[in-house]
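Enquirer: Whenever a hint applies, use it, and build me the whole structure from the sequences.
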Amino acid sequence: MKALLVLLALGLNLYGGISVGDKAPNFKLKTLDGTKSYSLNRLRGKVVLVNLWASWCKGCQKEMPEFVKLQKSYKKGFKLVTINVDDDPKKGEKFLKSVAQKTAQKIPFITLANPTKSIAKAYKCVAMPSSYLIDKNGIIRDIIVGSLNANDMKALKKEINQIK
Amino acid sequence: MKVTFSIQLLFLSLIFLFNGCSDKLTRVMPYEKEHFADVKMSLSPLAERAEHEGHIFLIREASAGGDSAYQGGCGCR
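Chains A and B, in that order, give the protein sequences.
Using the numbering used here, the letters of the first sequence correspond one by one to residues 1 to 164.
Using the numbering used here, the letters of the second sequence correspond one by one to residues 1 to 77.
Hints in this document: simulated from the structure, not taken from any laboratory.
From the three backbone atoms N, C-alpha and C, an ideal C-beta is built for every residue, glycine too.
Hints may be right or wrong, so weigh each one.
Straight-line alpha carbon distances no greater than 27 angstroms define the calculated DSSO-like cross-link-like pairs of lysine-lysine that follow [unchecked claim]:
1) K94/A to K72/A
2) K40/B to K97/A
3) K40/B to K90/A
4) K124/A to K33/B
5) K40/B to K91/A
6) K33/B to K117/A
7) K30/A to K33/B
8) K46/A to K121/A
9) K46/A to K30/A
10) K117/A to K30/A
11) K79/A to K136/A
12) K94/A to K40/B
13) K23/A to K75/A
14) K40/B to K62/A
15) K33/B to K90/A
16) K58/A to K33/B
17) K58/A to K40/B
18) K154/A to K23/A
19) K33/B to K97/A
20) K62/A to K33/B
21) K33/B to K121/A
22) K117/A to K90/A
23) K94/A to K33/B
24) K91/A to K33/B
25) K40/B to K117/A
26) K33/B to K28/A
27) K117/A to K94/A
28) K90/A to K58/A
To give an idea of the chain B side of the interface with chain A (calculated C-beta under 7 angstroms), a few residues [claimed, not checked]:
29) P30
30) Y31
31) E34
32) A37
Negatives, chain A to chain B, calculated, CB over 12 angstroms [to be verified]:
33) K72
34) E93
35) I139
36) N149
37) A150
Expert: Written as structure tokens, this is what we have:
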């Protein structure tokens, strides 16, 4: 009985997480500057990397210049979608401007605002930053928790090329 | 001691109850930690102040170690 109860308690805590093989929850959000809106369904047919980030998150700050390089290396078939969860989207916009200045490049990926954090909730985000690699059919192929460095990007590129 | 079925059932329902509380009410999710990440929330937001506090601690407690400050404990630095 004790073992059963322990297992049940563990099961309850682990229940509800999103995992590889699941269908990626759709979203429709506006860009950080509020001029356009994008949905995940609209990107169907492309490999998509959904990244959840915030301007206050150190790991997110670290990996953002790497994301600029990643998106620049793909002209077709891959789209990086970053979703900002700052309470005030202007903070995210300001941070991205500083990244653009540092890297001396325009931000090449889609940057969406989600101040209500509904997408982080839908994706059951367990840490910041979190990235979800989604294939052409909208199925989650990998979940990356934590920030990515240059070496991680190489491994990620291999993964993207495999499913592209 | 023999645990009756009703006690087992009560225990089981308590697990369900408290698990619900931990998820919905008290748990701050990683994407909700904007205010925790603020510099104001750190114990020593200013490096200079932290060093000064460490210095005062050394004088008061007459013990050194555990940080980068070095001195003999006289408090004259």
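Enquirer: Take the hints in turn and mark each one as holding or not.
Expert: For each hint, the structure was consulted:
Distance hint between K94/A and K72/A is fulfilled; the C-alpha atoms sit about 21 angstroms from each other, no more than 27 angstroms. A distance of roughly 24 angstroms separates the Cα atoms of K40/B and K97/A; the hinted pair therefore holds under the 27 angstroms criterion. The suggested pairing of K40/B with K90/A holds, with an alpha-carbon distance near 20 angstroms, which does not exceed 27 angstroms. A C-alpha spacing of about 15 angstroms is found between K124/A and K33/B, which places the hinted pair at or below 27 angstroms, so the restraint holds.
For the suggested pair K40/B and K91/A, the alpha carbons sit about 17 angstroms apart, so the restraint of at most 27 angstroms is met. Pair hint K33/B plus K117/A holds up; C-alpha atoms about 12 angstroms apart against a cutoff of 27 angstroms. Only pairs whose Cα atoms come within 27 angstroms are accepted, and K30/A paired with K33/B is accepted, the gap being roughly 22 angstroms. Restraint check for K46/A and K121/A: satisfied, since their Cα atoms lie roughly 24 angstroms apart, inside the 27 angstroms limit.
Proximity of K46/A to K30/A is assessed by CA-CA distance (about 20 angstroms); at most 27 angstroms being required, the pair is judged to hold. Only pairs whose Cα atoms come within 27 angstroms are accepted, and K117/A paired with K30/A is accepted, the gap being roughly 13 angstroms. Of the pairs offered as hints, the one joining K79/A and K136/A holds, with about 11 angstroms between alpha carbons and a cut-off of 27 angstroms not exceeded. Among the hinted pairs, K94/A with K40/B is consistent with the structure: their alpha-carbon atoms are about 20 angstroms apart, no more than 27 angstroms.
Between the alpha carbons of K23/A and K75/A the distance comes to roughly 25 angstroms, so the proposed pair stays at or under 27 angstroms and holds. A distance of roughly 21 angstroms separates the Cα atoms of K40/B and K62/A; the hinted pair therefore holds under the 27 angstroms criterion. At most 27 angstroms may separate the alpha-carbon atoms for a hinted pair to count; K33/B and K90/A meet this at roughly 17 angstroms. For the proposed pair K58/A and K33/B, the alpha carbon gap of about 12 angstroms is at most 27 angstroms, so the pair holds.
About 16 angstroms separates the Cα atoms of K58/A and K40/B, which keeps this hinted pair within 27 angstroms; it holds. Between K154/A and K23/A the CA atoms are separated by roughly 25 angstroms; this keeps the pair inside 27 angstroms, and the hint holds. Pair hint K33/B plus K97/A holds up; C-alpha atoms about 23 angstroms apart against a cutoff of 27 angstroms. Pair hint K62/A plus K33/B holds up; C-alpha atoms about 18 angstroms apart against a cutoff of 27 angstroms.
With a CA separation close to 14 angstroms, the supplied pair K33/B and K121/A stays within the 27 angstroms bound. Among the hinted pairs, K117/A with K90/A is consistent with the structure: their alpha-carbon atoms are about 15 angstroms apart, no more than 27 angstroms. Restraint check for K94/A and K33/B: the C-alpha separation of about 19 angstroms stays at or below 27 angstroms, so the hint holds. Between K91/A and K33/B the CA atoms are separated by roughly 15 angstroms; this keeps the pair inside 27 angstroms, and the hint holds.
Proximity of K40/B to K117/A is assessed by CA-CA distance (about 23 angstroms); at most 27 angstroms being required, the pair is judged to hold. This hinted pair checks out: K33/B and K28/A have alpha carbons roughly 24 angstroms apart, not beyond 27 angstroms. Between K117/A and K94/A, the direct Cα distance comes to roughly 19 angstroms. Compliance with the 27 angstroms bound is thereby established for this hinted pair. In summary, the hint linking K90/A to K58/A is supported, as the alpha carbons are separated by about 17 angstroms, within the 27 angstroms threshold.
Look at P30/B: its Cβ gets to within about 5 angstroms of chain A, closer than 7 angstroms, so that hint holds up. The beta carbon of Y31/B is positioned within 7 angstroms of a beta carbon in chain A (closest approach about 4 angstroms), and the interface hint is therefore held. Given hint, E34/B at the interface with chain A, holds; its Cβ is 5 angstroms from that chain's nearest Cβ, closer than 7 angstroms. Hint status for A37/B: holds, given a least beta-carbon distance of 4 angstroms to chain A, under 7 angstroms.
With 12 angstroms as the threshold on Cβ separation, the claim that K72/A sits away from chain B holds: the shortest Cβ distance comes to roughly 27 angstroms. Taking the minimum C-beta to C-beta distance to chain B, about 15 angstroms, the non-interface status of E93/A holds against the 12 angstroms cut. At roughly 23 angstroms, the least C-beta separation between I139/A and chain B is larger than 12 angstroms, which holds for a residue marked as non-interface. Look at N149/A: its CB is around 20 angstroms from the nearest CB on chain B, clear of 12 angstroms, so calling it non-interface holds up.
No beta-carbon of chain B comes within 12 angstroms of the beta-carbon of A150/A; the shortest separation is about 24 angstroms.
When held up to the earlier numbered hints, the structure conflicts with none and fits them all.
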